[in-house]
Amino acid sequence: MAKTLEDINERIRKGDAVVLTAEEMTELVASEGAAKAARKVDVVTTGTFGPMCSSGAFVNFGHSEPPIKMSKVWLNDVPVCADVAAVDAYIGATAMSDTEGMAYGGAHVIQDLIEGKWVKLKATAYGTDCYPRREIETWVNKDTLNQAYLFNPRNAYQNYACATNGSDRTIYTYMGVLLPNFGNATYCSAGQLSPLLNDPFYRTIGIGTRIFLGGGHGYVAWQGTQHKPSAPRSPGGTPLGPAGTLALIGDIREMDSRFIRGARFHRYGVSIYVGVGIPIPVLDEEMAAFTGVSDSEIFTSIFDYSQPTRSRDPLGKVSYAQLRSGTIEIDGRKTPCAPLSSYRVARDIAGELKRWITEGEFQLTGPVELLPTEGTVQGLDIRDGEGI
Amino acid sequence: MAKKRLVLTFPPEVVERPVVAMMVKEYDVITNILRAEIHEGEIGRMLVELEGDAKRIREGVKHLKDLGVQVEDAITDIERTEELCIDCGACTAVCLTKALKVGAPDWELQLDKDRCILCGLCVDACPLQLITVKF
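As given, the protein sequences belong to chains A and B, one line each in that order.
Numbering of the first sequence is given in the numbering used here, commencing with residue 1 and proceeding in unit increments.
Numbering of the second sequence is given in the numbering used here, commencing with residue 389 and proceeding in unit increments.
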């Protein structure tokens, strides 16, 4: 029997909702089947905590006396984008410090703000009649800012590649340090706990869905950049490689640095670990089956990252159950593999969100609009300007 | 049989002495060189695992010290800031001796210092820059 979102929220308000984490749901569906699980369970909570470069924060500094129309802005020596109104800026997570290079960047500024630290603001300007000041140096923290919210263009990738290195030298990538001659492999998804792998066709996750973001409440703002729903999929519906993505928004002041962390990938650059948890209403048997997906049913493709091209040929396919075992086979040879996203924290997030819902402090929202279920990603072609 | 993992630091005047051969021949101690770096005109460092009779190992180590070799326990030379670790597992990708491990059931990062050969690859691999290795 199908349930509505309103039925489920009513049960949450009364404290009667049955909430399981995606791991617990996988066990339940395996032992009792999707039909029975659909009757028993109201909500399944998911979680993921991985590096998500396409992230950043909008901030508003407030006006100084006399005021300034900031043109170039640095926070703790990290350049931030100020090409919006006078005292608005966007802290790009991957921006690097002018003084410390990739050891400290926009992601670390965001983490420092979340932790309530004072951050040094420096700005220059050309000066206008209404904004005469031409430079400013001061200190800000999350309480002195008028607004500070993450607005991440691409998070929570629905699956990701497994990376290895077939060349004869070590390479340093956003997938970590890859040793020569297929010496290791890395992967980066929470698999059976990951939000979009539990709702593979975006039936319940869409624009306006309320989520866990970085320890606070957030929302799905839009489809993420490079959203690619038309990816090849396994029979259960999960894509065999990177597919759907989400643009997410949430208030920094509610966040906790346990769930947002600045990171640097050696000789690659700065990135940010973002904690995302999305509740999935178990509306019917189909949603129960989707949320019951296990690591042995989710596959990804292995790519040789030493090929510096946008169209690498996959070396093979591997399940997350295999990846989680710590060893995969590439070309008939055993290769050790390691995760980049934290399964321990992904679990903590799914558990935390479960607690919020069980205790009635978090209700579910349906999507205001659904995400595209068809569409692919275009490359960038080099055009000479003639005949365009 | 006892086992001991040590970092030996050689001053320039000892660098060319056949120290390992001496441990094997005179003290009957199996000496496994896990890592060695000797820079011209400078000090040399060696990570060794000694295996043999405990008393003979002690005597051998004393002899090394008498020669001017500085001897330290190896396990003090890798440190990670555990309270800030997010257990992502990125460091385990480069740890060929499996001193760093993450896995079921709890998916928390484990550091087994006795397996560490102080290669230092994890220092670069940790996205949070939480590991330091002295060698």
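Just so you know, the hints here were simulated from the structure itself, not pulled from any lab data.
Keep in mind that a hint or two might mislead.
[What the hints assert, rightly or not] Below, in silico cross-link-like pairs of lysine-lysine (BS3-like), each with a Cα-Cα straight-line distance of 25 Å or less:
1. K489(B) x K334(A)
2. K391(B) x K443(B)
3. K334(A) x K486(B)
4. K522(B) x K317(A)
5. K3(A) x K14(A)
6. K392(B) x K522(B)
7. K392(B) x K486(B)
8. K120(A) x K72(A)
9. K489(B) x K522(B)
[As the list claims (entries may be wrong)] A few chain A residues that don't get close to chain B, going by computed Cβ distances all over 10 Å:
10. A2
11. D16
12. E24
13. K40
14. S71
15. D98
16. Y131
17. L179
18. G215
19. S234
20. D304
21. P308
22. E329
23. G332
24. L340
25. T373
Heads up, the beta-carbon is just placed ideally off N, CA and C, and yes, glycines get one too.
Outcome of the hint check:
| no. | hint | result |
| --- | --- | --- |
| 1 | K489(B) x K334(A) | holds (17 Å) |
| 2 | K391(B) x K443(B) | holds (11 Å) |
| 3 | K334(A) x K486(B) | holds (15 Å) |
| 4 | K522(B) x K317(A) | violated (39 Å) |
| 5 | K3(A) x K14(A) | holds (16 Å) |
| 6 | K392(B) x K522(B) | holds (18 Å) |
| 7 | K392(B) x K486(B) | holds (18 Å) |
| 8 | K120(A) x K72(A) | holds (14 Å) |
| 9 | K489(B) x K522(B) | holds (20 Å) |
| 10 | A2 | holds (35 Å) |
| 11 | D16 | holds (31 Å) |
| 12 | E24 | holds (14 Å) |
| 13 | K40 | holds (25 Å) |
| 14 | S71 | holds (32 Å) |
| 15 | D98 | holds (18 Å) |
| 16 | Y131 | holds (39 Å) |
| 17 | L179 | violated (6 Å) |
| 18 | G215 | holds (13 Å) |
| 19 | S234 | holds (23 Å) |
| 20 | D304 | holds (16 Å) |
| 21 | P308 | holds (20 Å) |
| 22 | E329 | holds (17 Å) |
| 23 | G332 | holds (20 Å) |
| 24 | L340 | violated (5 Å) |
| 25 | T373 | holds (31 Å) |
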